[in-house]
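Enquirer: If you're matching them up, the sequences are chains A and B in order.
Number 108 in the working numbering belongs to position 108 of the first sequence; there are no gaps in the numbering.
Going from the second sequence to the working numbering is simple: count from 1 and add 1000.
One thing to keep in mind: the hints can contain errors.
As a list, the in silico SDA-like pairs of lysine to any residue whose alpha-carbon atoms are at most 20 Å apart [said to hold, decoys possible]:
hint: 1; chain 1: B; residue 1: 1053; chain 2: B; residue 2: 1142
hint: 2; chain 1: A; residue 1: 150; chain 2: A; residue 2: 177
hint: 3; chain 1: A; residue 1: 160; chain 2: B; residue 2: 1053
hint: 4; chain 1: A; residue 1: 160; chain 2: B; residue 2: 1009
hint: 5; chain 1: A; residue 1: 81; chain 2: A; residue 2: 62
hint: 6; chain 1: B; residue 1: 1053; chain 2: B; residue 2: 1041
hint: 7; chain 1: B; residue 1: 1126; chain 2: A; residue 2: 62
hint: 8; chain 1: B; residue 1: 1053; chain 2: A; residue 2: 90
hint: 9; chain 1: A; residue 1: 28; chain 2: B; residue 2: 1117
Sample of chain B residues lacking proximity to chain A, with all beta carbon distances greater than 12 Å (derived) [claimed, not checked]:
hint: 10; residue: 1031
hint: 11; residue: 1060
hint: 12; residue: 1076
hint: 13; residue: 1200
hint: 14; residue: 1201
hint: 15; residue: 1250
hint: 16; residue: 1260
Derived, one-sided and incomplete: chain B residues facing chain A with beta-carbon distance under 8 Å [said to hold, decoys possible]:
hint: 17; residue: 1007
hint: 18; residue: 1033
hint: 19; residue: 1036
hint: 20; residue: 1047
hint: 21; residue: 1053
hint: 22; residue: 1054
hint: 23; residue: 1055
hint: 24; residue: 1057
hint: 25; residue: 1115
hint: 26; residue: 1142
hint: 27; residue: 1146
hint: 28; residue: 1151
hint: 29; residue: 1206
hint: 30; residue: 1207
hint: 31; residue: 1237
hint: 32; residue: 1324
No lab work stands behind these hints: they were computed from the structure.
In this text, a Cβ means the ideal position worked out from N, Cα and C, and glycines have one as well.
Single-letter residue listing:
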Amino acid sequence: MVKCSKCGHEIGVDRYNTGVLLPCPSCKSPVRIDAFPSLTNPPDHSGLADTSIFDQEAVCFFHPTKKAFVPCNHCGRFLCKLCDIPFDDGHICPVCLALGQKEHKIEKLERQRILYDSAALILALLPVMMVWPTILTAPATIFLVIRFWKAPNSIVGRTKIRFTIAFTVALIEIGAWGFGLYHLIRI
Amino acid sequence: MAGQKKYRRIRGLGGIVIASSLSTNHTLWLGDNHLLSVKSRPFWEDYRRFYYKDIQSVICRKTHMGKVINALFGLFVGLGLLAIHYETGTVFWWIWAGANSLFILLNISMGPTCVCHIQTAAQVEKLPRLVRIKKVDRFLAVLKPLIEKAQGGTWDRTAAETSRNSGQTLPGETDSSMRHEPGTLHLGLFLMLLIFAGLIVIDLFWDHPGIILAAAALTVIIALLNIVCLVKQYQSNIDHTLQKLVWGNLVFVGFLVTAGFFYSLFMAVGMTMGRKNYWALAELYSRNSPGDVVWLQYCYIISIAVVLTLSLLGLVMSWKHRRISAGGNQE
């Protein structure tokens, strides 16, 4: 069931879905619990041990002695109930799952993404306070923008505005350095 | 952008969030079949997905953080009013008192604070974005229909009670209770802090190098004890607000140590003649009486106020935690 997030005491079902904060029986902290059907519906484990196969029946690609249940949505291999991994309203085999995560081919398996646009923006803006590092960071920013312009961005979607601002600022910094060096040489 | 079609942001969860780190931002997004929690840092993002069909419950627990914030800002307003009463040229202090009063009003308008967790079969995860009960209400108003649609209806209390009465183990009944921590060290830490506040008060009225050295030694002990408390409270059942107080104390002690270091350095450079040792430095330090130096006076008053607030709040919360822990052990 559900436990209090402060003291870990189990909270009775009579306190679920009341819509109000009720004191925990143990620590008296006001707690509100909104429960859903999956709390009491057990997962379906039936058929996992099913190994009987008959002639002309498809068998699992990974377990030739087990009956095939579903095909993998990605590679099409037949899978038994043990190998089938329910994923994103479909079915996937362990190999596709591992490959998808490793090679970032399945977006819904990604747990982390590098934000090159934010990195470029910080690289362009932060050194401006100290002035001198911009002679190195400005070209580095330009490189970052060009190199990673087409790289996958945030999963929730972002425009290229950060890249654009970083590129513009870096160009201004390079221009300022060029202008300064030109006048220095002239003197 | 393809990403914008896949996810929509949950509106109404914006506003001021007191994050554990200023460089981290937490947002919540609704996908077609899952809730996406995004932790954004300067250079990368971390994602956690909670599929609607897997979500068992949402647990919202009210905390005292809102009251603590009100108390702290109230103290600042009180300091400002005190300064206005004794000081001429009070424009700065009027602005100080006014700004802090606005923060109090803003905090009250945002409603009570809370901590929100989402439970699935495998885990109980905190949703850092949801720190106000009003935000949790808006969040649930959007999320509940999606979960109920994915799970085919609302939660059946009768089925749960029947299963419970028949002795069945229900899914989600994993041992997820946190490590029990009695809170003795936390009580000791805030007691030390109270003693430290007393030392500062004494130093305000009586200049003696012994008090300076005692305060310095106590600061080191408090800093070390603070770090031990942080280790002890990690993944324990210590109250969330109390944990935040310990962190706040660490920041304040760090600031005191740093300020004290630079002030001592400044004083040491000025020691041109005579013995050069810690006692001589403490003597020189104690000669700068707060009664003579106005800015030093304000530093002392602010330090006393902050230390007293932290120590008294911490003592009360630690004592309450120990009482609850003791009650749980007796059961």
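Enquirer: Now tell me if each hint is right for this structure.
Expert: Hint by hint, here is what the structure shows:
| no. | hint | result |
| --- | --- | --- |
| 1 | B:1053 with B:1142 | holds, 15 Å |
| 2 | A:150 with A:177 | violated, 29 Å |
| 3 | A:160 with B:1053 | violated, 34 Å |
| 4 | A:160 with B:1009 | holds, 19 Å |
| 5 | A:81 with A:62 | holds, 11 Å |
| 6 | B:1053 with B:1041 | violated, 29 Å |
| 7 | B:1126 with A:62 | violated, 38 Å |
| 8 | B:1053 with A:90 | holds, 13 Å |
| 9 | A:28 with B:1117 | holds, 18 Å |
| 10 | 1031 | violated, 8 Å |
| 11 | 1060 | violated, 5 Å |
| 12 | 1076 | holds, 28 Å |
| 13 | 1200 | holds, 33 Å |
| 14 | 1201 | holds, 35 Å |
| 15 | 1250 | holds, 22 Å |
| 16 | 1260 | holds, 28 Å |
| 17 | 1007 | holds, 5 Å |
| 18 | 1033 | holds, 6 Å |
| 19 | 1036 | holds, 7 Å |
| 20 | 1047 | holds, 5 Å |
| 21 | 1053 | holds, 6 Å |
| 22 | 1054 | holds, 6 Å |
| 23 | 1055 | holds, 6 Å |
| 24 | 1057 | holds, 5 Å |
| 25 | 1115 | holds, 7 Å |
| 26 | 1142 | violated, 13 Å |
| 27 | 1146 | violated, 11 Å |
| 28 | 1151 | holds, 4 Å |
| 29 | 1206 | violated, 43 Å |
| 30 | 1207 | violated, 41 Å |
| 31 | 1237 | holds, 6 Å |
| 32 | 1324 | holds, 5 Å |
Violated hints for the displayed structure, listed by number in ascending order: 2, 3, 6, 7, 10, 11, 26, 27, 29, 30.
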